[in-house]
Amino acid sequence: MISIQGLNQFYGESHTLWDIDMQIPEGQCTVLMGRNGVGKTTLLQCIMGHQKVASGSIQLNPADKDLVKTSVEQRPRLGIGYVPQGRQIFPLLTVEENLQIGLPVLPRGQRRIPDYIFELFPVLADMMHRRGGDLSGGQQQQLAIGRALVVDPKLLILDEPTEGIQPNVVQEIGDIIRKLNREMGLTVLLVEQKLPFARKVGDRFCILDRGRKVAEGDMAGLDDTLIKQYLTV
Amino acid sequence: MRQLRSLGLLTLILLSSLTSLQAADSDPVLAEFEALLSSSAAPDRARAISLLADSMHPDTLSLLAELLEGQLYTFRGDSHLYRVPRHEEGRAAERLLDGETLTIERVRDFRRVAVNNAQRTQIRRVMALTGLNAESSAIRLQAVRQLMRDADSATIALIQDAYPTEENNRVRELMAVALAIHTLADSDNEVLQRDAIDTLSESLEPRARNSLAQFAQSTENPALQELSQRALTQIDHKVQFYKGLETLYFGISLGSVLVLAAIGLTITFGVMGVINMAHGELIMIGAYTTFVIQQLMPDHIGLSIFVAIPAAFVVSGLVGIAIERGVIRFLYGRPLETLLATFGISLVLQQAVRSIFSPLNRTVETPGWMSGMLEFNPVFAITLNRLYIILFCFLVFFALLLILKRTALGLQVRAVSQNRAMARAMGVRSERVDMLTFGLGSGVAGIAGVALSQITNVGPNLGQSYIIDSFMVVVFGGVGNLWGTLVAGMTLGIATKLVEPWTGAVLAKILVLVFIIFFIQKKPRGLFPQRGRAAED
Amino acid sequence: DTIKVGVLHSLSGTMAISETTLKDTMLMLIEEQNAKGGLLGKQLEAVVVDPASDWPLFAERARELLERDQVAAIFGTWTSVSRKSVLPVVEELNGLLFYPVQYEGEESSRNVIYTGAAPNQQAIPAVDYLMNELGIERWVLAGTDYVYPRTTNRILEAYLKQMGVAEDDIMINYTPFGHSDWQTIVSDIRRFGSAGKKTAVVSTINGDANVPFYRELGAQGVSAEDIPVIAFSVGEEELSGIDTAPLVGHLAAWNYFMSVDTEENDAFIEKWHDFIGDTNRVTNDPMEAHYIGFNLWVEAVNKAGTTDTEAVQEAIIGVTVPNLTGSYAALMPNHHITKPVLIGEIQADGQFEVVWQTPSTVVGDAWSDYLEGSKDIISDWRKPLLCGNYNVVTKTCSGQSYE
Amino acid sequence: MSQPSLLSEIKDKHHVFSFMQSQASPVLNVDKQILLYLEGLSVSFDGFKAINDLNLYIRDGELRCIIGPNGAGKTTMMDIITGKTKPDTGSAWFGQTINLLELDEPAIAQAGIGRKFQKPTVFESLSVYDNLVLAMPDERLVFSLLFARLKGEQRDRIDEVMTLIGLQDHSAMRAGSLSHGQKQWLEIGMLLMQKPRLLLVDEPVAGMTHQEMDRTAELLVSLSGSHSVVVVEHDMDFVRQLAGKERTVTVLHQGSVLAEGSMDQVQNNQKVIEVYLGESQ
Amino acid sequence: MLLWNLIKQDRGGQILLALLALAIIIVPILNGLPSDHPLHIPTYMVAVMGKYLTLALLALSVDLVWGYLGILTLGHGAFFALGGYVMGMYLMRQIGDRGVYGHPELPDFMVFLNWDSLPWYWQGLDQFWFAAILIVLVPGLLAFIFGALAFRSRVSGVYLSIITQALTFALMLAFFRNEMGFGGNNGLTDFKDLLGFNLQARETRVGLFIASAIALALGYLLCRSVTQSRLGKVCVAVRDAESRSRFMGYRVENVKLWVFTLSAMIAGVAGALYVPQVGIINPNEFSPLNSIEIVVWVAVGGRATLYGAVAGAIFINYAKTWFTTELPDVWLFALGAIFILVTVLMPKGIVGLLRRKEGNA
Ligand SMILES: Nc1ncnc2c1ncn2[C@@H]1O[C@H](COP(=O)(O)OP(=O)(O)OP(=O)(O)O)[C@@H](O)[C@H]1O
Ligand SMILES: Nc1ncnc2c1ncn2[C@@H]1O[C@H](COP(=O)(O)OP(=O)(O)OP(=O)(O)O)[C@@H](O)[C@H]1O
Ligand SMILES: NC(N)=O
Ligand SMILES: [Mg+2]
Ligand SMILES: [Mg+2]
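Residue numbers (our numbering), protein chains in the order written: chain A, 71 to 303; chain B, 305 to 841; chain C, 125 to 527; chain D, 221 to 501; chain E, 30 to 390.
Hints are computed from structural coordinates only; laboratory data are not their basis.
Among the clues, some could well be false.
In silico DSS-like cross-links for lysine-lysine, where the CA-CA straight-line distance does not exceed 25 Å [unchecked claim]:
#1 D:371 - D:252
#2 E:377 - C:519
#3 C:321 - B:547
#4 C:166 - C:507
#5 C:128 - E:221
#6 B:827 - D:304
#7 C:322 - C:285
#8 C:321 - B:542
#9 B:827 - D:252
#10 A:224 - A:135
#11 A:270 - A:298
#12 B:547 - C:322
#13 B:826 - D:306
#14 A:135 - A:122
#15 E:377 - A:122
#16 A:224 - A:249
#17 C:427 - C:321
#18 C:128 - C:160
#19 C:128 - C:321
#20 C:321 - C:285
#21 D:269 - D:339
#22 B:826 - D:304
#23 C:285 - C:427
#24 D:371 - E:37
Only chain A is shown next, with the shape it has when bound in the complex (with noise of 0.2 Å):
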């Protein structure tokens, strides 16, 4: 779905990415890991086209688009749904319309929020019209999921979708990636700091470490010797 290559990034004049080559195939939910301050929310930034990139390509696949060239806005477009590490709700509009500020992308006729949505969260259905910014911050994470998914993505980028909620929305949430994943060929991209829910969830993994790539395969390859030297400090 997207191959990254030869990618560079700099924040001023500090050095972050170095040199990313990665795949993240088709249907396939790949995790990011790594360590606190290693770049995962850069390297999800520069794929959002949120960073600047000095050098290399992201090339999405189906249409051969180099997304390092390519608008922001463009890439809900082209499939891409984004929850944010942060959440990055828009604080002073309601759940409904933090919903809706993604329905334009979609064609006419098919501009409205999906039912699973809110039964995947009833909370929002609760609050659909409180302001984002009064909700808890759980309830923030569950509506900026809930607004990636209104896109109706083929590719779903997620940077520790997870924090701050609740146990057992923890759990439906790993069931619903696993479930648009594999029923529905959802492209996932996770950034996930807790393993047993990136065991839980993901095909493959991904670590990085003081910027660079240093480890990728399937799930079952993340053995505790590279738990131990990329993931504990």
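Fit chains B, C, D and E with the ligands to the known structure of chain A by using the hints.
Okay, now just chains B, C, D and E with the ligands, sitting in the frame of chain A:
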């Protein structure tokens, strides 16, 4: 059957329908009229008017009208009088005596026959005499009023004659008042005087009150004195009431001007967060657009406003879009710096207008349908231009409300201003949204300029005089809240007008500012604050 | 080698509206003089600067003109405050300032030539006209809240009371600069005027506030026949920005109107139109004042044979030049000039029709005879008195004085 | 927040304006071994009851975990304790002497209550080091701030904390450039610098790896005893680690306490499983 | 030593102070050269330069509250003008009986408005020491009262900006009124001497220039010592996350109040030095647009750098002087263009060009 006492008048009216039949070549009246009118001494010109009025000349009314309108000119070449409908190079001038026409070569060769106030009053009086029998009740009313100005027994007699057959109530009432004033002053008959006081006590005409006051002073009859005193208090109460009503209207009208001036800013500043110091200049551009439109269609001033509104919207909107594309888009995320750049833009726009249109104020005419007053009674009338501006203000307000609430643009612009990056990630074309929104706010400012051009200067300083008030209104109402802007503008308008009679305009303005300062202490986020967790820090 | 002439008028900011025209007038006059061969055999050179309607900047620019450019004279300033700001500078550096605008008086400087009207050359005759010719008995004195209207109204108030007008028959009202909402005030005026006595408004409303004021008068149907308004700051140029149709018959008092029918005036207007390239442009009173001031200066320089300030100051008193209305302007020892006073009525085309004028010219009075503090003060810049504020009672000269 | 009217304050000649009031609060008194009393608290937003008759007592030196579904009111409870939100009814006391509802945010902080926010908030344009400097509790008065200098032991303390939170290499970096997890750590560091008597920690391990979680747990446990610590977290492993066998865990639901007890008790509470934990936990 | 610590790591400040010291020495010398000497600085230029320095001091005071505390004040001109008015009143009193009406006590405008005695608030201002106290006290007190009200009610952001604007606007209208006893629109002018020195004299002008330079240097050091102290850090913390600093125990309103008051006092001193050099003070100094312009100087120079504010004020005012003389017809285009270009192309202002490398302020 109306009795016409004045034979002259009858003839005049009869003959005036036959004007064109008269051969004009050797008309002695006209010749004398011309001679007297050409004199530079005002008394001569006054005599010319009386001459014409007494002459029963068929053209009397039209000539006097032309004189009043300033369409009679003396040509330096032959010292004759000419009719000049348009005093411009290349236009035609028609000699009064024989109808010969000339083409104007040098404007200064034709000097207008000027009339002064005394002569104007004289002409209007002549016209009023015929006006009493006019078809239109408005003209009859006007005529009675004119004749009341300094009524003598002859005019009173005319009114007396017309009174019984007058069908229109308002005219009748006014006539009754005129007659009562006369009675009160001239008659010694107590019964008649009582009736007159009665009539006058019902009237709000200033003349009625004055004559009552005078009568109460001068009469020796204590019963009548008391009666007239009572009548006076009755009138004064009513006057007081209408004065209150008037103040309220003034407040709303000032409020609507403030709202109009501020409402574009509610969008660019309130919703988008751009501190747009050039907002005033966008208003100014709207006003200048009105001026240009009127220049382009000088013969259709009445229509010009309807052309000017969309035109101003488009022109100011395009300028706004140019500002947004050229400057502001580089500054998103640095909201305070938009102040700096737009301050620069406002300087440039002001100077640009000075260069293009000169530093002088430009004339924007008030179309006929906007001038005049809606008169409820002699002490309470509302001016039409203000009334239309109030209506227009509400129209703009609700249109905007609809756009922001019912279209995708409204939602998207709020999303973009709250979190640009995320809005883009959700597919919002933020650049387009910014451009359109800024264009919308600017266009609305332009529309406000059309309205303001009807009540104030159209000059390079126009914008500066509204920018401070506009920011006050937006902030007082609560940034980003359209309703807040409406309520704030109206509140400040009414407050100013309530205080003004007590303190004078200067102190009123100071007090309103102090009020704003203290009000913000009580409600640190304006009348309609953004609420909730997110708004708190 | 040229003689430099400073032109100190705001070309930007709030006053540009009025002052830009005066800058152009000066350029025209200088160009014309140069065409005639210049002055003392030298060409004149205009030094134009922009004080930007910023009062301290006026002083700074004036200092530059005098110190750096060594100008022989400065023509400029409009508002009283800008003149007050420049005054210490021209006195210190001994320059010569020609001030072209009607003002409140109460000033006479050795270094300033006042070519605009003092209150007795405008306000008092105007009131006389209203009282005697129109029979006005009730008075509204409306002005912008600053020194010129305040002073003028104080003088008028004193004068009216002296003429037997009762306190109740005078209404005084002040508004801020640029006041734009006149509804209440116009309505008050209407009410004040409906008390049965003939009422008039004497307006010292300044600049930008006039347009909305007159518009409101028109909207509320206050006609000149009911309540005439006589203005001291509204001339042809101000009217050119107003729809005059509803204002026909309202009045203004000036020392010049564009409509005055004299050959000098026709020639001046023609020159102006040629210079500015627009036959629709109007002329006005302060332009005439500059015309007079410039000619006075030219005469005085010719008489003195030098542009040296001292010599010109001495030479200029008593110099007489024609004005544009058929009489003469003579510079009096108090540095004010003689002027005819004209009352005009507004016509539909934005011009004034002269309805009355003083039989002869009036001498400008620097120190009003109607104010307590100033009635004993006179000004005479001839030797031996050489004093702008000589108190005839205490027989002293205070303020600016030269040994 | 209703403030007494300005006029009445001015008229009251005994009124002491806040800017003139001495900033010290009454002395903390924990004779009864209870540090925090929350009784009968309720608060509603536009009719929605976020906190509903909540009662909670925290012992001096206790480490208390609070769990509960999203929107149960945990953060709102902390908002009330720290003065951000005023409750509609109820009382909140810090020890026996300090009525929290009468104090504003800075006074509460100075009385000894520190907080880590759910969403990490640091001073973005200050360096990591300066963030820690400002968190030190010593100087709060304007004039003493003007002349404040770092003492040797303060420097040592900062270095110590800096190492503890793993940001020693980033001390001069603008806090705004830190990654999400680094900000979390910095906020914990700031809390440590502040040395409050009561620590309110809202979701400290969100976004941390498992090992970091262990370290955080150790840290919090070591703080308890000398400090009281209230921790809100959704990560059950972490909570289990903190609560151990004997510490109390409180479950909030719909603004009031649903269950309270040891981790085992809570974990097996059917209602808690239903609304919060889910079946498989 | 303490001083050196303050500017040790402050290249901009070092340069600024060095330049000021240089100016104090060299300007009197150059001014003393014969007037045809190519290096001669005419006295009027000295006065103009002195004016720039006072405006720079004003900009400094705005940068302190806007740059470091995040209060976008759109009314700082009010404090400047108040300081100026106090100085103007002192100078008026110095005229004594040399006014045009020769009144021993009353200024001319009072005589001619028929005032018969000096209003109470004019009393004592014939004493320089008293005027000197009021120059800082009056602006300081107004700022303190205004700040105490506003900060305590937690008015912030644009709401605060707009009420500062309302404050200066209201003061402007009030000072326009003749009844206020400050000379109305004409303001105070025609000053004669200061502390017995003739204001027109060359030496006095040079002296005022030196005084302005010293005031600017001291003002800079004062502001620098505030921003470098921990209080300065707290200011930045408040600017970035006001409520977070409250939860850390800082009384945000007090921090704001004192810094705001200090800044108003500095502005008052600037105004007091400005008035004798330009020779007039008038209500226009209260005009809201003037205050906005000050903010613009700071932004052009570079916000939150102090010396940037100084550079911006001098640069823009010099440009204004130059433009209004050399390009009187189109100068607003040029000035407007500078504002736009600086904002768009130089987000850190003109000093941003000089210190690309430095990470944070
Ligand atoms: N805006 C920025 N400017 C400068 N440096 C930044 C910025 N944002 C992040 N960094 C730095 O880049 C590095 C990578 O940050 P990133 O946010 O991608 O980390 P992460 O892997 O997502 O960490 P976490 O697990 O904590 O979310 C970090 O060291 C961080 O300090
Ligand atoms: N200002 C407000 N306006 C409206 N509703 C609010 C407001 N503040 C909080 N709420 C609501 O109150 C409830 C409690 O919120 P709170 O943030 O305390 O939950 P929480 O227990 O911290 O949840 P989480 O675990 O998701 O962080 C939520 O349903 C939230 O939507
Ligand atoms: N002198 C005037 N009109 O200010
Ligand atoms: Mg991250
Ligand atoms: Mg929470």
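Comparing the hints with the structure gives:
With a C-alpha separation of about 36 Å, the suggested pair residue 371 of chain D and residue 252 of chain D falls outside the 25 Å cut-off, and the hint is violated. In summary, the hint linking residue 377 of chain E to residue 519 of chain C is not supported, as the alpha carbons are separated by about 65 Å, beyond the 25 Å threshold. Proximity of residue 321 of chain C to residue 547 of chain B is assessed by CA-CA distance (about 21 Å); at most 25 Å being required, the pair is judged to hold. For the hint linking residue 166 of chain C to residue 507 of chain C, the alpha-carbon distance of about 30 Å lies beyond 25 Å, and the restraint is violated.
The suggested pairing of residue 128 of chain C with residue 221 of chain E is violated, with an alpha-carbon distance near 29 Å, which exceeds 25 Å. Among the hinted pairs, residue 827 of chain B with residue 304 of chain D is consistent with the structure: their alpha-carbon atoms are about 18 Å apart, no more than 25 Å. A threshold of 25 Å between alpha carbons decides the hint, and for residue 322 of chain C with residue 285 of chain C the separation of about 17 Å falls inside it, so the pair holds. Distance hint between residue 321 of chain C and residue 542 of chain B is fulfilled; the C-alpha atoms sit about 22 Å from each other, no more than 25 Å.
As the CA atoms of residue 827 of chain B and residue 252 of chain D are separated by approximately 42 Å, the hinted pair breaks the 25 Å bound. Simply put, residue 224 of chain A and residue 135 of chain A have alpha-carbon atoms about 15 Å apart, close enough for the 25 Å limit, and the pair holds. Taken as a hint, the residue 270 of chain A and residue 298 of chain A pair is honoured in the structure, with Cα atoms around 19 Å apart against an allowance of 25 Å. Between residue 547 of chain B and residue 322 of chain C the alpha-carbon distance is near 22 Å, which keeps this suggested pair within the 25 Å criterion.
Annotation: proposed proximity of residue 826 of chain B to residue 306 of chain D holds, straight-line Cα distance about 18 Å (limit 25 Å). A distance of roughly 17 Å separates the Cα atoms of residue 135 of chain A and residue 122 of chain A; the hinted pair therefore holds under the 25 Å criterion. Taking the CA atoms of residue 377 of chain E and residue 122 of chain A, the gap is about 21 Å. The hint holds against a cut of 25 Å. Our distance criterion of 25 Å between C-alpha atoms is met by residue 224 of chain A and residue 249 of chain A, whose separation comes to about 13 Å.
As the CA atoms of residue 427 of chain C and residue 321 of chain C are separated by approximately 55 Å, the hinted pair breaks the 25 Å bound. Only pairs whose Cα atoms come within 25 Å are accepted, and residue 128 of chain C paired with residue 160 of chain C is accepted, the gap being roughly 16 Å. For the given pair, residue 128 of chain C sits about 56 Å from residue 321 of chain C by alpha-carbon distance, which is inconsistent with the 25 Å threshold. As the CA atoms of residue 321 of chain C and residue 285 of chain C are separated by approximately 17 Å, the hinted pair is consistent with the 25 Å bound.
For the hint pairing residue 269 of chain D with residue 339 of chain D, the CA-to-CA distance comes to about 23 Å; that is within 25 Å, so the pair holds. Annotation: proposed proximity of residue 826 of chain B to residue 304 of chain D holds, straight-line Cα distance about 18 Å (limit 25 Å). Only pairs whose Cα atoms come within 25 Å are accepted, and residue 285 of chain C paired with residue 427 of chain C is rejected, the gap being roughly 45 Å. Taken as a hint, the residue 371 of chain D and residue 37 of chain E pair is honoured in the structure, with Cα atoms around 20 Å apart against an allowance of 25 Å.
In the structure shown, a violation is registered for the earlier hints numbered 1, 2, 4, 5, 9, 17, 19, 23, in ascending order.
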